[in-house]
Amino acid sequence: MVESIVIENKDQVAVLVTSSLCIVIPALAVGLRFIAKTIRGGHDYSDYCIAAALLWNIGLHTSCILMVTHGGLSFHLTEIYARFNQDTAVFFFKAIFSFSFLWNATVFFSKISVLLMYVTIIPIPSMITWARAIGGLIFLWNTSNIIAALLICRPLSKNWNFAMPGTCGSQPAFYSAMGIVNLIADGAIIVLPMPYLYRLQLATGRKILAMALLGIGIGTWAITIYRQIVLPSLNFMDMPYSGTLTTILSGMEPAVAIVLACVPLMRPLFKKISSRVDSSRSGYNTGELSRGYTIQKRGGREHSTDISNLFEDDDDNNSQVQLQLIDVSKAGIPTISHDAEGPAMPHYSRAISVEKSWAVNLE
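Under full-length UniProt numbering, the first residue of the sequence shown carries the number 1, and numbering increases by one thereafter.
Everything labelled a hint here was simulated from the structure, so no lab data went into it. Since the model is a prediction, treat every value here as computed from it, not as a measurement. Errors might be hidden in some of the hints.
[To be verified] Straight-line distance between alpha carbons at most 25 Å, and here's what the computed DSS-like set of lysine-lysine pairs gives:
#1 Lys-158 - Lys-94
#2 Lys-37 - Lys-207
#3 Lys-94 - Lys-10
[Said to hold, decoys possible] Okay, the calculated beta carbon distance ranges per label pair:
#4 Leu-28 - Gln-86: 34 to 44 Å
#5 Arg-199 - Ile-147: 35 to 45 Å
#6 Pro-232 - Ile-208: 30 to 40 Å
#7 Glu-79 - His-43: 47 to 57 Å
#8 Pro-165 - Ser-233: 27 to 37 Å
#9 Ser-233 - Phe-162: 14 to 24 Å
#10 Ile-39 - Asn-85: 46 to 56 Å
#11 Phe-162 - Gly-42: 44 to 54 Å
#12 Cys-168 - Asp-44: 41 to 51 Å
#13 Gly-187 - Thr-78: 38 to 48 Å
All C-beta atoms in this analysis are idealised placements derived from N, C-alpha and C, irrespective of residue type, glycine included.
The whole structure should be built from the sequences, with the hints applied where relevant.
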């Protein structure tokens with residue numbers, strides 16, 4: 001029978017507070033994201049993936065809390081056996097074992113959500129190809145982690161019962177390799193949209209803002225790097241005590257990733273009042289005018305994007321992509337011909353013309 005453990009040291013409090021915040025804050029972020037996307041007109045697969053990541057994240061941090069209240073996290077293993085009982089130690093190692101599965105599921109869905117967001121914002125063939133490739137590698141990596149966790153100790157119960165005959169592989173090497181691949185995956189996800197954003201036909205200020213919003217995942221990267229630095233000092237023979245900080249960092253990483261994945265899509269919730277006033281005066285919605293940015297590619301080809309989520313509350317006039325002067329003949333816009341012998345009839349200009357016209361694309 002596993003009994004509750006009294007909270008008596010700062011490490012226990014640190015885990016409980018951190019895990020509680022890592023449940024509440026991501027839940028609020030995902031909720032705000034869904035509200036913002038509802039304002040924008042609907043949800044997509046990236047939203048469903050982030051919701052799945054949130055559910056796994058709740059399970060992950062529930063596991064952390066139970067490790068404190070019932071598993072003796074922050075106590076030396078010898079102290080757990082002396083003060084509590086063997087069931088407490090077994091509970092801890094079972095919780096650690098399940099932690100790796102919950103962590104991999106949370107990380108997988110949060111990363112896939114970001115890739116799907118990229119594809120939605122920049123729906124051009126090369127972006128889709130790269131996103132699929134990176135997503136496939138992430139799937140293989142997370143699946144490999146789960147298989148390795150299941151096979152590292154034989155029999156399986158030796159993960160939590162050290163007295164049982166059997167063998168275990170190198171757990172430090174396993175966690176170190178898992179962290180290194182995670183760093184590479186995060187780096188690839190952060191860098192992926194940058195070349196496309198750099199080529200945006202967009203004012204420099206907004207271009208930098210777009211890069212900052214989509215590169216905000218570097219915060220998760222920093223946590224992963226710090227965890228990799230701490231990992232070599234982890235004593236696997238005294239995991240309940242030496243693994244406290246690593247457990248906190250490992251739990252924070254996917255929680256922060258969920259929050260940061262939601263931030264770029266929250267901007268419709270924070271519109272400036274002046275934006276509405278200006279748009280009502282001009283008769284046009286500035287949010288709609290921010291749609292339809294193009295990425296200039298080699299050979300003169302252009303691909304349209306929809307990054308309006310990133311600029312929903314901007315009301316400045318610095319964008320290089322606002323009202324654009326177009327050639328009526330190329331655009332296929334009907335002009336009015338005034339014939340002395342008949343009424344004015346619309347036709348499409350096909351001759352060489354110096355006529356110019358302003359058009360607003362409200363797609």
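Hint-by-hint comparison with the structure:
no.	hint	result
1	Lys-158 - Lys-94	holds, 10 Å
2	Lys-37 - Lys-207	holds, 22 Å
3	Lys-94 - Lys-10	holds, 23 Å
4	Leu-28 - Gln-86: 34 to 44 Å	holds, 40 Å
5	Arg-199 - Ile-147: 35 to 45 Å	holds, 40 Å
6	Pro-232 - Ile-208: 30 to 40 Å	holds, 37 Å
7	Glu-79 - His-43: 47 to 57 Å	holds, 49 Å
8	Pro-165 - Ser-233: 27 to 37 Å	holds, 30 Å
9	Ser-233 - Phe-162: 14 to 24 Å	holds, 21 Å
10	Ile-39 - Asn-85: 46 to 56 Å	holds, 54 Å
11	Phe-162 - Gly-42: 44 to 54 Å	holds, 52 Å
12	Cys-168 - Asp-44: 41 to 51 Å	holds, 43 Å
13	Gly-187 - Thr-78: 38 to 48 Å	holds, 40 Å
Of the numbered hints stated above, none is contradicted by the structure.
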